[in-house]
Amino acid sequence: DGGITQSPKYLFRKEGQNVTLSCEQNLNHDAMYWYRQDPGQGLRLIYYSQIVNDFQKGDIAEGYSVSREKKESFPLTVTSAQKNPTAFYLCASSYRDKKGTEAFFGQGTRLTVV
Amino acid sequence: DQQVKQNSPSLSVQEGRISILNCDYTNSMFDYFLWYKKYPAEGPTFLISISSIKDKNEDGRFTVFLNKSAKHLSLHIVPSQPGDSAVYFCAASGNAGNMLTFGGGTRLMVKP
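These protein sequences, in sequence, are chains A and B. Position 52, counted from 1, in the first sequence is what the working numbering calls 52; the numbers after and before it change by one each time, with no gaps. Position 37, counted from 1, in the second sequence is what the working numbering calls 1037; the numbers after and before it change by one each time, with no gaps.
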């Protein structure tokens, strides 16, 4: 079954700690993304990667880091520099065919700082 | 600068009536538009799309209209059902690259 998997679904972090959110896809998509959603807000782009070993900052990259060592994997690290990390995090991958680009999302990780 | 905007953060509709969700874009290079539906604590799922060569695409109760001259698209849901209550995101992509740009979302509430 092809898809995009985020883990864990819920994550608790103590203040001052780094934490890494996992995102794996077996859809053979080149592009992958991380979004953050806060209550009542839209999707804000944190980082994206269009190809292995390359990634770009999105609109709210400060306090986050990513890596793209494999096509299937795009982990997001929330560092202690992120001032307000409690949020719902969504990973996505996308492909482009002759019609256009379509994205597929994981089920999300809810991160809570305690 | 938001290239894709959904100016209505929320919409409330009676069951059985039509829901109309709107989306505006500024980038004339966008050539493919999508609507995604999102329930709380879940990832968005694809709903319907339209290419810039068309002005209408229909799938069951869902129809998307595209007005290229106005850089505007809308999603019509007829008839609306309580299960349609969710946040709807409009997204757009261009022929350069593989990026989707999302709007801020509209929360639809369908009242029984």
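Treat the hints loosely; a few may be bogus.
What the hints assert, rightly or not - Computed list of lysine-lysine pairs in DSS-like fashion (alpha-carbon distance at most 25 Å, straight line):
{"id": "1", "chain 1": "B", "residue 1": "K1111", "chain 2": "A", "residue 2": "K98"}
{"id": "2", "chain 1": "B", "residue 1": "K1054", "chain 2": "A", "residue 2": "K57"}
{"id": "3", "chain 1": "B", "residue 1": "K1071", "chain 2": "A", "residue 2": "K14"}
{"id": "4", "chain 1": "B", "residue 1": "K1056", "chain 2": "A", "residue 2": "K71"}
{"id": "5", "chain 1": "B", "residue 1": "K1054", "chain 2": "B", "residue 2": "K1111"}
{"id": "6", "chain 1": "A", "residue 1": "K99", "chain 2": "B", "residue 2": "K1111"}
{"id": "7", "chain 1": "B", "residue 1": "K1071", "chain 2": "A", "residue 2": "K71"}
{"id": "8", "chain 1": "B", "residue 1": "K1056", "chain 2": "A", "residue 2": "K57"}
{"id": "9", "chain 1": "B", "residue 1": "K1071", "chain 2": "A", "residue 2": "K9"}
{"id": "10", "chain 1": "B", "residue 1": "K1111", "chain 2": "B", "residue 2": "K1071"}
Stated by the list, open to error - Quick list of the computed label-pair ranges, beta carbon to beta carbon:
{"id": "11", "chain 1": "A", "residue 1": "I60", "chain 2": "B", "residue 2": "K1054", "range": "45 to 51 Å"}
{"id": "12", "chain 1": "B", "residue 1": "P1079", "chain 2": "A", "residue 2": "N53", "range": "28 to 34 Å"}
{"id": "13", "chain 1": "A", "residue 1": "I60", "chain 2": "B", "residue 2": "P1079", "range": "20 to 26 Å"}
{"id": "14", "chain 1": "B", "residue 1": "T1045", "chain 2": "A", "residue 2": "V114", "range": "49 to 55 Å"}
{"id": "15", "chain 1": "A", "residue 1": "S22", "chain 2": "B", "residue 2": "I1053", "range": "23 to 29 Å"}
Stated by the list, open to error - Output of the computed footprint for chain B on chain A, the stretches with three or more beta carbons under 8 Å from beta carbons of chain B:
{"id": "16", "stretch": "36-44"}
{"id": "17", "stretch": "84-96"}
{"id": "18", "stretch": "99-110"}
Since the hints were derived computationally from the structure, they do not count as laboratory data. A virtual CB, placed ideally from N, CA and C, is assigned to each residue, including glycine.
Evaluation of the provided hints:
{"no.": "1", "hint": "K1111(B) / K98(A)", "in the structure": "violated (39 Å)"}
{"no.": "2", "hint": "K1054(B) / K57(A)", "in the structure": "violated (33 Å)"}
{"no.": "3", "hint": "K1071(B) / K14(A)", "in the structure": "violated (45 Å)"}
{"no.": "4", "hint": "K1056(B) / K71(A)", "in the structure": "violated (35 Å)"}
{"no.": "5", "hint": "K1054(B) / K1111(B)", "in the structure": "violated (32 Å)"}
{"no.": "6", "hint": "K99(A) / K1111(B)", "in the structure": "violated (35 Å)"}
{"no.": "7", "hint": "K1071(B) / K71(A)", "in the structure": "violated (35 Å)"}
{"no.": "8", "hint": "K1056(B) / K57(A)", "in the structure": "violated (34 Å)"}
{"no.": "9", "hint": "K1071(B) / K9(A)", "in the structure": "violated (37 Å)"}
{"no.": "10", "hint": "K1111(B) / K1071(B)", "in the structure": "violated (30 Å)"}
{"no.": "11", "hint": "I60(A) / K1054(B): 45 to 51 Å", "in the structure": "violated (34 Å)"}
{"no.": "12", "hint": "P1079(B) / N53(A): 28 to 34 Å", "in the structure": "violated (49 Å)"}
{"no.": "13", "hint": "I60(A) / P1079(B): 20 to 26 Å", "in the structure": "violated (38 Å)"}
{"no.": "14", "hint": "T1045(B) / V114(A): 49 to 55 Å", "in the structure": "violated (31 Å)"}
{"no.": "15", "hint": "S22(A) / I1053(B): 23 to 29 Å", "in the structure": "violated (39 Å)"}
{"no.": "16", "hint": "36-44", "in the structure": "holds (count 4)"}
{"no.": "17", "hint": "84-96", "in the structure": "holds (count 6)"}
{"no.": "18", "hint": "99-110", "in the structure": "holds (count 11)"}
Violation of the numbered hints given earlier is confined to hints 1, 2, 3, 4, 5, 6, 7, 8, 9, 10, 11, 12, 13, 14 and 15; the remaining hints are satisfied by the structure.
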